[in-house]
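J.: Residue numbers (this note's numbering), protein chains in the order written: chain W, 1447 to 1670; chain Z, 178 to 358.
One should not assume that every hint holds.
[As the list claims (entries may be wrong)] Looking from chain W toward chain Z, a few residues come up when the C-beta cut is under 7 Å (computed):
1) 1463
2) 1466
3) 1467
4) 1470
5) 1474
6) 1592
None of these hints come from the bench; they were simulated from the model.
Note that beta-carbon positions come from the ideal geometry of N, C-alpha and C, so glycine has one too.
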Amino acid sequence: MAKAKPANWQKSGMSTNLKLTIGVVVVAVAMVAAVILTTRGSGQAGPEALVRPESHRLSTAADGKVTVVEFLDFECEACGAAYPGVEKLRKEYNGKITYVVRLFPLPGHRNGEPAARAAQAAANQGKFEAMYTKLFDNQKTWGEQRVDQSPVFQKYAAEIGLDMSRFQADFASQAVIDRVAAEVKDGMALDLTGTPTFFVNGKKHDGDYTYESLKKAVDAELAK
Amino acid sequence: MSKRLGWLLAAGGGLGTASAAALTIEKFHVLANPGYVPSCSINPIVSCGSVMTSAQAEVFGFPNPVIGLAAFPVVLTLGVLLIAKVPLPRWVMLGLNAGAALGVLFVHWLIFQSLYRIGALCPYCMVVWVVTITMFWYLTLHNFRLPVLRKYHSAVLTVWFLVIIGLIGEAFWDYWRTLLL
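Okay, chain Z solo, but in the shape it has when bound:
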């Protein structure tokens, strides 16, 4: 079971690192050349250019993906240790859980900003949303006795994501509608 969590953390940490790296590199390009269009700016809605250049993209005075570049590799490393069956003390697991909890809070604030303040979606950022929520969820189930939630672990997580997908659908409904009609 720890091994499974290890794989999840390794994969999530890896994907998170890759997304944070992509966003950081795109940020360098945008800074170097203001006319640069990021690779992930596909249409008016799916546009990391709009998201990356917003004030919310630098909440702490530096680009947010730098946090991911520092944090996700740690998650990846701890995941690899779990796969290798290295016994990790409970306080380390709780520390990781606490970090993931902060990550989840931050991610939801960013989702709100993305949908209702900036009005655009950034694919790399959305990868970070997904891995952060998933890793937080399974870390919490692992560290705490939550029998009911454990029993319906993927159903609860699916509802969680469906709510977010629903909010995305609602926020950009007018735009999706023009694509569907």
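In isolation and in its complexed conformation, chain W is listed as follows:
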């Protein structure tokens, strides 16, 4: 034991030690703050970031008067909660509004990005809507898990009648990975703070994600 050497080392260097300790913490905090500030979205995105020509349209309005854009993550619970209301709205306003779905998988969700790729791979065969429905209807089966759910997505692909060899190739392809990344990039450029985020005729929808709230916003635009 250090009894033989009655060093009061905890006291001797205290002030330098304490200064150094505090200094190290301050530097670390400053570095984190700098990183956060420099990586923040620019918020300078133009309207083209909202809807691209190749964006997924679930329905198209004949008159093109009202466009609803939803940025969603198939694994996000709030998106799953909004989904029934969205479906009700889509049915009611079929042909009267253009409904665009943008992919915005959040990195915190282990299977959000693969789900987005599954939807994109289905879109390549003209079955985006079927996969979109399948993923949300079964969100509780595959969501909120830290293990890979690709086999589940393959099962869904088979169930909606996709060409499986093509689906598998697309699901893993760089083109589809890049496409999903490009969608996310648009969302980041629009400074999204989470999912789902709705835009009604380019205006961010501030209300709830409920059927009633969205209907109100849509009706207001239709009445213009």
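For this one, chain W is given, so just place chain Z on it according to the hints.
T.: Just chain Z, lined up with the frame of chain W:
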């Protein structure tokens, strides 16, 4: 000085015991009911459910927290003896130091697994990381003559923890970013 170390060991041993007990109890619940969501599963990242059910959680064929349940109470006891000014032989202190060294190695392996293999954090486990590293550090400073390190004891320990915090921040950066934006 021994008394101060005693308080540190008693507190660390106590916290370690409590965390190991919490993890063991949660493990029982998970085993009894596979659908059970542990109290510390808060979101996809902070989720002891993911960590507890991983293969790494049973390195030696039984749940890791059992090691803590056996070891931390000993640390707590020795800490109390130091507070009571019971003279402990040097070999006992060195033995404790050796045990803490093994604990620190194990903890760093677990940190690596948690960040880069499992991809989730478990709050109770993180309490164990903190107390194991802290106790190892001050035991080592106590038992060996390390004048420079003693002089900057808390600065070195702070850098040690900041490195780990930095690695956590980097590993889960994409996730934190979505919370911050």
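J.: Next step is simple, just say for each hint if it's right about the structure.
T.: Each hint tested on the structure:
Given hint, residue 1463/W at the interface with chain Z, holds; its Cβ is 5 Å from that chain's nearest Cβ, closer than 7 Å. Because the beta carbon of residue 1466/W sits about 4 Å from the nearest beta carbon in chain Z, less than 7 Å, this interface hint is met. Nearest Cβ of chain Z to the Cβ of residue 1467/W: about 4 Å, under the 7 Å cut. The hint holds. For residue 1470/W, the shortest C-beta to C-beta distance to chain Z is roughly 5 Å, which falls under 7 Å, so the interface hint holds.
Checking residue 1474/W against chain Z by beta carbon gives a least distance of about 5 Å; that is within 7 Å, so the hint holds. Because the beta carbon of residue 1592/W sits about 4 Å from the nearest beta carbon in chain Z, less than 7 Å, this interface hint is met.
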